[in-house]
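We have chain A already, so just place chains B, C and D with the ligands on it with the hints.
Listed here are the chains, written in short residue letters.
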Amino acid sequence: MLETTGAKKPVTTNPILDATGVAKNYGAVAALRNASLSVLPGEVHALMGANGAGKSTLVKILTGAVRPSGGRIQIRGETREFSSPGAARRAGLVPVYQEPSLIPDLDIASNLRLTRTPVEPFAEWVRELGVNDLSLGATARDVPLAIQRVLDLARALAAEPHVLLLDEMTAALPADLAERVVDVVRRQSAAGRSVIFISHRFVEIAAMCDRATVLRDGETVGVLKIETGVEERIVELMLGAKIEKARGVTHGARSTATVAGPPRVAVRNLAVGKLQDVSFELANGEVAGVVALEGQGQDELFEALAGARKPSAGTIEVDGAAVRFAHPADAIRAGLALVPGDRSEALLMHRSVRENIALPFSAPFRRWGPIALRKERATVTAAIERLQIDTRAQREVQRLSGGNQQKVTIARWIAAETRTILCFDPTRGIDVRTKREIYRLLRELAGQGFSVLYYTSELEEVQHVCDRAIVIFGGRVVDVLPVEIADEAALTRAAYGLPRQSEVAP
Amino acid sequence: MIRLIRRNAWVAGLCVLFILLAVTTKLIQPDYGAGDFGSLMRAVLPYAFAVAAQTVVVIAGGIDLSVAAMMAVTSVTAAAMMNGASESHALFVVPFVLALGLCLGALNGFLIVWTRVPDIVVTLSTLFVFQGVALLILDAPGGGAAEWLKGLVVGTVPIPFLPESVTAWIPKALIVLVICLAVVWIPLRRSQLGLSIYAIGSSELAAFRSGVSVARTKIAAYAIGGLFAAMGGLSLTLSTGIGAPIPGPYLLASVAAVVLGGVALGGGKGGLLGPIIAVIVLRLVRTDLTLLAVDPNATTIIEGLIMVIVVMLGAFLAMRGRTR
Amino acid sequence: KEYTIGISNTVQGNGWREEMICAMKAQALASGEVSKLNIAHRNTDAAGQLEDVRNLISAGVDAIVVNPADPAGINAALKEATDKGIVVVAVDQAVTEPSAYVISNNQEEYAYLGAKWLFQQMGGKGGVVYMRGAAGASADSDRDKGFKRALAEFPDVKVVHEVFTGWQQDQGKQQILDFSATGTPYQGIWTSGIDNVIVDALVESQAPLVPVVGADNAGFVGQLTSVEGLKGAAVTNPGSIGGAGVALALQILDGKKPDSKLVLVNPELWENATDEGKAKLKAAADPSLSPEWPVSISIPGWTTYTKDQIVACKGPGE
Amino acid sequence: MSVTAAGAEAVPLGKRIRRFMSDRPLVPLVILLVLLVVALQILRPGIVNERWIANTVKFAIPLAILAGCQTMTMLTGGIDLSVSTVATMAAFIVSTQAVEHGPVIGVALALLPAVLIGLANGIGVGIFRVHPLIMTLGTSLVGIGCLQVYQRTVIATGTKVPAFLSWLGTGVTGGFPNALLLFIPVASLILFVLNRTGFGRLLYAVGDNERAARLSGVVYWKVILALYVGSSLLAGVAGLLYVGLIKAPSLSLADPLLLPSVAAAVVGGTSIFGGRGGYTGTILGALILTVLTTLLTILQMPEGARRILFGLIVLLVTAAYLRIVEDR
Ligand SMILES: Nc1ncnc2c1ncn2[C@@H]1O[C@H](COP(=O)(O)OP(=O)(O)OP(=O)(O)O)[C@@H](O)[C@H]1O
Ligand SMILES: Nc1ncnc2c1ncn2[C@@H]1O[C@H](COP(=O)(O)OP(=O)(O)OP(=O)(O)O)[C@@H](O)[C@H]1O
Ligand SMILES: O[C@@H]1[C@@H](O)[C@H](O)OC[C@H]1O
Ligand SMILES: [Mg+2]
Ligand SMILES: [Mg+2]
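Protein chains in written order, with the working numbering: chain A, 1 to 506; chain B, 507 to 830; chain C, 831 to 1148; chain D, 1149 to 1476.
Please keep in mind that the hints were generated in silico from the structure rather than gathered at the bench. Note that the structure is a prediction, hence the values are computed from the model and not measured. Hints are supplied without guarantee of correctness; some may be wrong.
[As the list claims (entries may be wrong)] Listed next, the in silico BS3-like pairs over lysine-lysine satisfying Cα-Cα at most 25 Å (straight line):
1. 1061(C) x 678(B)
2. 1144(C) x 1308(D)
3. 866(C) x 678(B)
4. 656(B) x 1087(C)
5. 656(B) x 914(C)
6. 955(C) x 978(C)
7. 866(C) x 1061(C)
8. 978(C) x 1061(C)
9. 1137(C) x 532(B)
10. 1308(D) x 1137(C)
[To be verified] A short list of chain D residues far from chain A (calculated; beta carbon distances all over 10 Å):
11. 1183
12. 1185
13. 1190
14. 1366
15. 1444
Every residue, glycine too, gets a C-beta built ideally from N, C-alpha and C.
Excised from the complex, chain A in its bound form (with noise of 0.2 Å):
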């Protein structure tokens, strides 16, 4: 299982960098509280916690990226505040973030001008990352999402930092380049420079680091050594409880089989974006779970259904009508909608709960009139009741928390009556208390005969809430496990595209 890497550098005890005590206050979301960290010379340490429990802020504030509220921040026991992302570079202080930063109109050239980062070594540094074929003179913007990174983290190597800071660096990046990641990694330690690395991947996190910090709800809540059963602790520290295995929640109520006519909703050989043929259907009442690793063409899957995206080839039907969707009103119209995985696409954050709740209604031309207020009180307040949104923040949604924000966005499909919801990751960021309403709010909507085809990244969703799995990899798709066998080592085998054991796990 878990095993420590090589042998301990030698241990100083002075930190090279020492933060306590850190508070980030977005009005009255409080991002990180009471966050603390310290790193040696010469260490990996891993930052770890769910998420929104506050990693990305408190990257962006040791880098001086985003000012903190409160607490001390010390390098080389020197109380330092850093004013910008160019002063915490110049103490030895260098960031990958977790969204890319390369400027996107600029080419790659200028975009190293522009950090003052020399060309030889970055060239070097792509090489050794795994890249072989890049021009110096390709746009950003053009440059693929996974490259991307790989050029701002060789970016950042190239400026020979003494603390480079990694956040969610692999989550985008194919497995070759991943591992070509952890190597340079390690070799960093070794030449006596530190590293904090973000990542949700326990394999990662064991193959190269030496301690881990946890934060929860934006606390540093423990300090471990990475070790062998670490690995348990985390994830308790992590979610503030043991998890509770949660198993059957709801799926024996499953109604499908009984439903008889076309399939509510069949996808016929599609072909969009990296997806190449994909078919499959969902039935009436069925929660359809969509297992796929990161970047197989999920996204690109749930877009078409909606009508956001056109497929270049293949069929949608619908109630065994084929349909055609040039915009996603026209996917409504045919009761197909889409909640997708980050909220901020979905949401008027400065408009009421009311509001975002009643969008769809007033979508269509013949909804323009004068809006019948009565009626839609007693609509949206029947779906937040029913999704106990709490709105004691509701004036502007923006205000809300994480996990009533993403009850709004199902709740404005819920009061619509739309009859297929296409829920794309919909419990991300999400606590556990919220997912569990949300994963038995869906198995109620089967119950009524409503279809969700339901895409997750935490694969343990799958039995909590799902019918069926349906798996993804390399363009199409290459397995549909029923719920009893979809654990989360099958699906791990699944969707790597690894065949089916014939044994059940004991």
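Frame of chain A; chains B, C and D with the ligands shown alone:
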């Protein structure tokens, strides 16, 4: 790469348009000669500087509604200072006015950074302020200009190794324009500041994270805009010999030419060459219509139509490119 | 003889200037000597007029008749024109370029006559609202001289408000409304030809009808004989000076140069305070004209077109 | 992530006032308006009377209508720089056509270019995705050029402002300007559309988050097309009213209102980036700017100083307002 080609294609397209118009001009008026081309370039001067000012700011992701008002301030300042003064006094006036433009522009940038009010609103406010300042300096068109300054844009200069038949087609006004723009623009393009200006225009966040001082860069971009506007103001004074406190039509013209020149509103893209050629094209259109004795107001229609159609076409092509 | 004449004017939409253009067209047509007019008529400033005049030079005209935006601002282009042998005539306002001819109303006298009458009506004391023309235009600065000369003769008359109307009706009206909204008392209004809208404004806002001086614009002349309680005077300022300008240019092209480069037409004052004045106003009134057109639609000794021709506003070949 | 409940803990007074104002953004505007009127009354005692109020309202109305166009377009993240041209065209056409064809046809003809320009703007912005600033600037140039050419064809006919427009624009009945007869319905309509109709919701939605609106089935170009046509029509109506007020049609009649119309919307709290603002604030903004203009005239400053103060105050108010609303 594709982007590079496309950008150059835009400029090339403008050049073709210019050549077509030039040929048309010669067809309409066979007597059209070097002297007339000189007139064209003199008419181009203030517009070209106005559009240069706007271009820098737009590339930095902003917009400057006070361009014409800054031109008015600098123009009347120059005219008032040179009024009745000795010829050599102008030697002092020119750098002073350029510095003034730089300061006015920097003030715009500073207010945008400091108040966090959107740039459109800030420069809308300073548009009124600068207009007022111009009126306080001269409440009516007037003042004067040194003769040698006026002479700066009239006629031609002999250029070594070039026959007169060639230099006749290189009027001083063109030379002044090219030198003034090049002296600022070429070093800027190559400098870290120039890069930073493109960077903040392309993505303020990414630029900030790349260590660019967004505030300082923005102020600098507006300041350079102000410098170009001051050149425009000076060019007005030295072509009319007076300063006029009410701003001319340079704001709308500058925005139009920036867009026609292939610089995207929103920033981060484009160069100076396209907008300058666009401005020349627009002036030549007016000349041609005058030669044809067309109502000058029809020129307004045609300028508007060119703008609308070209921009729609550009947007349409961009859209096609995106869906591919 | 078949000449082409270029025309440049920088105020559009002002009735006086429209009459001027029509007079130019009518005179060109009536003369029979002009094959083509090339008219650059738009709202612009000195810089824009420079461009227009230069484009007219490029177009190869034989003469340019120009109403200058500024006395000095377009000299460079005028010089270029005369250097090429093009006859340049400035109408209505003077230019300082010595090679150009000027034919205009005597602007200083225009202002002096009206202002003096007004101050007399005010009993030699009180506040006057001074509504000027376009800032920097030489007609305006010449009129300012005349106005100041009259003012000097009446030490108890004070200017309580001075604005530039830009010779635009809408601006003038807005300005007087703005001003009367401030409640500052005044006893007379002098206008640089933006007159009938001022009377309208006073009537509409029920402000006291003080004496008003304006030009001989049809609307204002009509008001002087019809508006109850309005005292005022119209000073002649013929827009038809444009026709005279064309006539002068043609004369010069034909080789008959005038003795002086400056030709002045002297204004007259028609007031409604005396019976004699009223009679003159009655005789001059012409309700068939657009209210913003001056009633003096021809200049004896210069223009040769008929009323129908100027009203039709058609040039050669139209 | 967590939300701290705004509640029991002691909040400093300054912050409380701010929070109060940020929840009621109209309060500071009303305060400012009152302050300006008080200043006026102190500078010239007795000026604030029935006649003055009627006059101020008369002049604020056309500005408020044009600022309504800006408010609606700005809610979607746009701006309509063609409103002054449209207003001028409507004014000029009605003054030249109503004489011959009567008021009904005159008004119809006057509003025709408004519809055309609105359509062009809507198509450019909504379908071709041209930046609204550029699109409306372009159509405005075309429009003004057409008007100037048109003017040359009607020189002989002359202009005459129809009597009913003068009555509406300048008349006062029982102390109330007749213009209110037009403005109250128009303002109520705008307020109703923005607050109580599906279309109004969509304007906010499109400006707040276009992608979210699209995913909810909102068809962007339809909304934008309707918006710009509506804005143009409104501008045309404002032009008709304004020519009734000024009674002197010219080719630049409404030009001086363009920038103030943007300023009124901005001062009234509408965000130029879209999604935030409302028409009540804009009406207050228009009143504030009108009173401010009078105040500056009364101060008898030279024109230059007046413009400087005007600019500074617009900037100051916007900056202060931003602070109040954004900092929570
Ligand atoms: N600019 C902002 N305005 C308001 N809230 C913010 C802002 N940035 C972050 N937050 C909130 O602060 C919390 C911490 O966010 P942060 O991005 O640091 O989390 P994270 O631990 O990096 O999560 P992930 O694993 O998803 O990247 C989240 O609830 C987030 O919504
Ligand atoms: N603006 C709104 N927001 C939220 N819910 C709404 C809104 N308007 C209507 N509803 C709800 O949507 C459903 C249908 O509304 P409504 O009664 O207006 O439709 P209808 O007129 O019966 O149908 P149609 O217009 O399709 O013929 C009802 O349940 C109503 O409560
Ligand atoms: O009187 C004015 C005239 O002299 C000026 O030049 O143009 C407009 C007229 O109103
Ligand atoms: Mg995050
Ligand atoms: Mg993060």
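Status of the hints after comparison with the structure:
1. 1061(C) x 678(B): violated (58 Å)
2. 1144(C) x 1308(D): holds (22 Å)
3. 866(C) x 678(B): violated (33 Å)
4. 656(B) x 1087(C): violated (31 Å)
5. 656(B) x 914(C): This hinted pair holds, its Cα atoms lying about 20 Å apart.
6. 955(C) x 978(C): holds (15 Å)
7. 866(C) x 1061(C): With Cα atoms ~45 Å apart, residue 866(C) and residue 1061(C) exceed 25 Å; violated.
8. 978(C) x 1061(C): holds (22 Å)
9. 1137(C) x 532(B): Given pair residue 1137(C), residue 532(B) is violated - Cα atoms ~40 Å apart, limit 25 Å.
10. 1308(D) x 1137(C): holds (22 Å)
11. 1183: Consistent with the label, residue 1183(D) stays out of reach of chain A, its closest Cβ about 28 Å off (over 10 Å).
12. 1185: For residue 1185(D), whose nearest Cβ neighbour in chain A is about 31 Å away, the distance exceeds 10 Å, so it holds.
13. 1190: holds (38 Å)
14. 1366: Non-interface label on residue 1366(D) violated, nearest chain A Cβ at 5 Å vs cutoff 10 Å.
15. 1444: holds (34 Å)
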